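Chains as they are written, first to last, in my numbering: chain Z, 1 to 455; chain A, 1 to 311.
Treat the hints with care, since some could be wrong.
What the hints assert, rightly or not - Looking from chain Z toward chain A, a few residues come up when the C-beta cut is under 10 Å (computed):
hint, residue
1, THR69
2, LYS400
3, ALA403
Unchecked claim - What the simulated footprint calls covered on chain Z by chain A, stretch by stretch (three residues with Cβ under 8 Å from a Cβ of chain A suffice, anywhere in the stretch; the number is not a length):
hint, segment
4, 164-170
5, 254-262
Worth flagging that the hints you see were computed from the coordinates, not collected in a lab. In this text, all values refer to a predicted model and were calculated from it rather than measured experimentally. Ideal Cβ placement from N, Cα and C applies to all residues, glycine included.
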Amino acid sequence: MSEAAEPEASLLVVVLDTNTAAWERCPLQFDRALQQVIIFLNAYLALKPENKLAVIATNKSECRYLYPTEFTDETTIPEMQVYEQFRDVDTKVLTGVQKMIEGGSMSGNAPAGIEQGQSQVSRALSKALCYINRGTKASANKIWPRILVVSVADDAPREYIALMNTIFAAQKLGVLIDVCKVVGGDSVFLQQAAEITGGNYLKVDTQENRESLLQSLMFTCLADHFTRSMLYSPHNDLIDFRATCFCHKRVVDIGYVCSVCLSIFCKMAPVCSTCKTKFSFKLVRAPSATNGTAAGSKKPTIESAIPKRPETGASDSLFSGTSDRFSRRWQRKGTRGTETTGRITRLDCAKSIVEQIVHSRENYEHDRYMLVSYHSATATSCIRTSLKDSRATLLRELKKLRADDKFSGGSSLTALFNQLALMRGVYDLDTYGYGRYPQLNEPVHIMWLTDGASV
Amino acid sequence: MGTRDMRPTRIAATLQILESFVNEYFDQNPISQLAIISTKDGLAEKLTDLSGNPVDHVNALRDKSNKDLAGEPSLQNALELAMHTLRRAPTHGSREIVCIFGSLTTCDPGDIKQTQAALKHAEVRVSMVQLAAEVHVFKRICQETNGLFAVADDEIHLKDMLFECIPPPPVVSAKATSDMIQMGFPIRASNAQVPTPCVCHHELSFSGYICPRCRSKVCSLPTDCDVCGLPLVSAPHLARSYHHLFPEENYKEIDVEANSGMEAAGLVCFGCEGEVKGAAARYKCPRCRKEFCLECDIFIHETLHNCPGCV
């Protein structure tokens, strides 16, 4: 613990939400709440003579400084009982709030998009940060800034970006943002503000005890930076860091992010609405063969569906050595040789596609392949290569494939699935009643190349 | 790197500057990934793997064994190892290598021109800051791959040159694709009674983030879920770059002397309620027409990125 040569002062900016529509819902009346806030301000000023204070009030339609302001009350008779600085703060805050409420009831010039129960919190925070910036630069000694937000209004989704900007600026300046939510539900944005900057988020329960606002403020928000390290503050474990989508302003769990501008959407779209970038959807990689190749399964997403963590540690999986398995099987249909396009048959096109795919995945050593075609001589003669064979064997068998005219897709699939089930049983991948082991994930891609001719 | 022209030794000064570089890099590029490679005795070694968590990198940099110096560095080995590590990066992102070199020589196993061609083909941008003097081979590699090359005079210059590599490079490649990436936004969950294992380190811990797709617990963000591969970020990570999307307007300077109609009485700044004395310039926002003082102008445009009048 270091003893500072000069006393280290704090600079507190209080953002007071005076939204009348929101205060009406509160069991604690606004004037009583205001009295409690003023007592808190006096307590803060009494801690150290060097402490500095500013108060900003915000509302649906305007946002202004209540203290320090330039105007001075004309008839100020110095009272003997009240400490002069306290009286100054008290009168300015009270008259300022009164003016705001009177003015607000008459004018309706709120910026577009703000509803009745919302206030201009981001504007107030921006002004507070400007004040802190000036205050810390102007003072010769070190000043510890923080902000207290007494909030009643709901979150305004249109203010999300501005609010996040203020939060990051506060984090850079080392400003703690404490939030005291008096009425209404939890404000997700302000929770994030308190969490990111290191301040406290309090939800004051005014139903039970009318005076609990003052108690909460004094206990949690009065301490300065140094004292807070010694106190055990209330912390919230379940902070919702989810984002809202740009299109509907709904909270998303899994969203789609544009890689250019990082805006979040809840559904895929061909064009980003913020930066107008056209997205390139990676389609089938085979460039030339277009005739008769109906890819049965999800070719485009294969590259992205690859689990990116190959080494999970040999001790975890049952197989020593290979830990990432990624197998593929192909199926072929007959009747391809007969219809020709030019001098190339459809079967040749399909074979070239398979070859290209196998070659493009040369770097992935853990891939395993199986080739299945239509051949119904015996139950398993349609399986041409097994999972244990190498790529070279696959390509060799591929070249040997001939088209025959019978459709036996059903029995080929049956044979294929039986083989797969057998393999899973051998390697204990299916645990009956023991739950799933996510590490033993073995994704299988079945590509069914067929020309779609009728059965 | 053992010479004492930078205090206390070059290697110590470099490691310290690298720590602040790592923190600043993740501050400006929150969803990017970084890996650190060191080279000595003709070999290259990976200190940390590609990850998005700055704590891992800072811990690796603070490791005492980094200060052991031996033999000659090998640029080719280091570049090859870096290229191999970068292979996993997706095409919509940019790949870069930043080198800090103190030596004037390099001990390579093969032809560095081949490495240079491979780097150019893979569209990896190589930037370098040299501590001793300019070496033609290194400079050519940087120029061929459109990277920055600089020679640092002292620690401050080294820091400046290094920080120039932080902003992402302009995308000129034809191969770069712009995609919609599916990302998950996990909720933080903590169980005060029973610790549960995480899937990234397989260690027991009380709190973590739950992947929305497969419900497995990861320790920190941003990362890729080890089970289902979904990139997991939190909204503040993406929000850090939103000020580039919706920038504030530049303020116009209003010269007081030129407009003699303006009173010499001071103006109250809209941002900080401070008085702007007569002769000082005022700055006006063209959108909301509010006036600000110089301090607020600098603060708003450099740090805050929000005009209090327009918000």
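Numbers of unmet hints, in rising order: Hints 2, 3 not satisfied by this model.
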